[in-house]
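Assemble chain B onto chain A, guided by the hints.
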Amino acid sequence: MVSIEYVQLEELIVRIREISGFDFSGYARPSLLRRAGRYLAKYDMDLDMLLAHIEPGGRIVYELIQELTVNYSEMFRDPDYFKRVQTEVFGYLESYPALRFWVAGCASGEEAFSMAILLKEANLLGRSLIYATDLSNKVLTSAREGVFTLGSTRTFSENYILAGGKQSLSDYYHVAYNKAIIAPELRKNIVFSLHDLTGDGVFNEFQFISCRNVMIYFTLELRQRVFKLLYESLSMLGYLCLGKRETLRYSGLESHFKVIDSSLNIYQKIK
Amino acid sequence: MNGIADKSLSLVLIGGSSGSFVIFEDILKLLRSPISFALIFVLHRGKSSLSVLPDLFKSKTDVFMSEPHHLDTIEPNSVYFAVPDYHLLIGNDYRFYFDVSQPDFFSRPSINATFISAAQSGIPVKAAMLFSGSSPDGAAGMQMLAEMGVPTYVQNPDFAEFPRMPQEALLKNQNHKLLPKTNFYKTISDILYSIN
Chain A
1 MVSIEYVQLE ELIVRIREIS GFDFSGYARP SLLRRAGRYL AKYDMDLDML LAHIEPGGRI
61 VYELIQELTV NYSEMFRDPD YFKRVQTEVF GYLESYPALR FWVAGCASGE EAFSMAILLK
121 EANLLGRSLI YATDLSNKVL TSAREGVFTL GSTRTFSENY ILAGGKQSLS DYYHVAYNKA
181 IIAPELRKNI VFSLHDLTGD GVFNEFQFIS CRNVMIYFTL ELRQRVFKLL YESLSMLGYL
241 CLGKRETLRY SGLESHFKVI DSSLNIYQKI K
Chain B
272 MNGIADKSLS LVLIGGSSGS FVIFEDILKL LRSPISFALI FVLHRGKSSL SVLPDLFKSK
332 TDVFMSEPHH LDTIEPNSVY FAVPDYHLLI GNDYRFYFDV SQPDFFSRPS INATFISAAQ
392 SGIPVKAAML FSGSSPDGAA GMQMLAEMGV PTYVQNPDFA EFPRMPQEAL LKNQNHKLLP
452 KTNFYKTISD ILYSIN
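Residue numbers (the working numbering), protein chains in the order written: chain A, 1 to 271; chain B, 272 to 467.
Only chain A is shown next, with the shape it has when bound in the complex:
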């Protein structure tokens, strides 16, 4: 079993920054340690070998960044959350002539597609624009293609039904070459674009932001900064949704939000 230590991890962080400009210094160390260890194990390398092999513009450094940041997700992850969003949030959003959603840290687009489907079923998709952002160009490319393995659609479909989906998930994709391809009509209201929560600023104002299982990548300090960015990107009475096991705790902004659902982590900006 290859493993690296906290001290060595700092060395790796510095090296990645020198070579790629990507700064992991605000990332939670325990998670980075696990991911770096897995990367080394996958290629049967030790840290010295890795440090010797990463070079500016090289493939390895980008692969490594990818491995260290990837969020393994699925469509309609936490179906009860999506159910609650439909009953609790959509009613409020109906009063707006134009709606802007932000899926921050969208990975391969699973969450953005899930939202688009539910908005369509609520007759809201036509006036909605979903900005789905991630810091990785690679996952964004895959998100834009909207292609998933057929195997994964089984879980997605089960989740979709549990989330209160009104049709069949297969109405929203077609199958080609043994892959599931998300319907173009869903994709046209989604803008996938590059955005790094840790460095980039506010780029629009949203009625709804979902940033699920993203904050857990960051250290306490960076987390507070990112929370501030999300807060400033929300319109008054807009909704902020976090991962099922995340909380606003330790964010410094607890008093600015009303808790809509404490177990599913849905919050509304009130001041």
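Please keep in mind that the hints were generated in silico from the structure rather than gathered at the bench. None of the values given here were measured: they were computed from a predicted structure. From the three backbone atoms N, C-alpha and C, an ideal C-beta is built for every residue, glycine too. You may find that some hints are simply not true.
What the hints assert, rightly or not - Estimated spans, in silico, between C-beta atoms of each pair: (1) B:S307 / A:G57: 46 to 56 Å; (2) A:V191 / B:R303: 51 to 61 Å; (3) A:D171 / B:F430: 48 to 58 Å; (4) B:S279 / A:T219: 35 to 45 Å; (5) A:E88 / B:V323: 15 to 25 Å; (6) A:G57 / B:F430: 52 to 62 Å; (7) A:R249 / B:R303: 25 to 35 Å; (8) B:I466 / A:Y92: 35 to 45 Å; (9) B:S405 / A:Q66: 29 to 39 Å.
Stated by the list, open to error - Facing chain A, a subset of chain B residues (Cβ under 10 Å, in silico): (10) K278; (11) S322; (12) L342; (13) D370; (14) S392; (15) A411.
Chain B in isolation, oriented as in the chain A frame:
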């Protein structure tokens, strides 16, 4: 919850999968407050599992139990359970960290993830135990802990409901001590109370 880290903290780690739920329950019955360490249970659970283990087990022990949140500090005299769908990592700052990287052997939480992070955290691990399960998860973590000199115990595969988990751990490292069939809970109790 967000207190100053208690630097006297030590850990006991317990992992299992299929066939381990009942064992966890019986281990909890052995515990009486105060215990000097934090006991961390990692049980493979389906991601849609809605049961809240501290509620389910509340009649079994008077020790504080929790399914910790990301960034909660780890406290002695507490029992913690890994929640479904996140890896539960032990940070060197005496806090819990969640991680959403890929499942290990189809499992999130993974026993390896917690055990390895504990080994790397610098927090003393007083004992680690691995019980019944049909997955090879846990073997790598147990090996790392054993190599550091942590006392490691596995259920005797011959008597485990699902032998694969302890078997895989023994394949990687034969130095894990076998928990016997007779006096099973007495042995576990003696281990825990010798630490206490």
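Exercise. Looking back at the numbered hints, which does the structure fail to meet, lowest number first?
Worked result: 4, 8, 10 and 11
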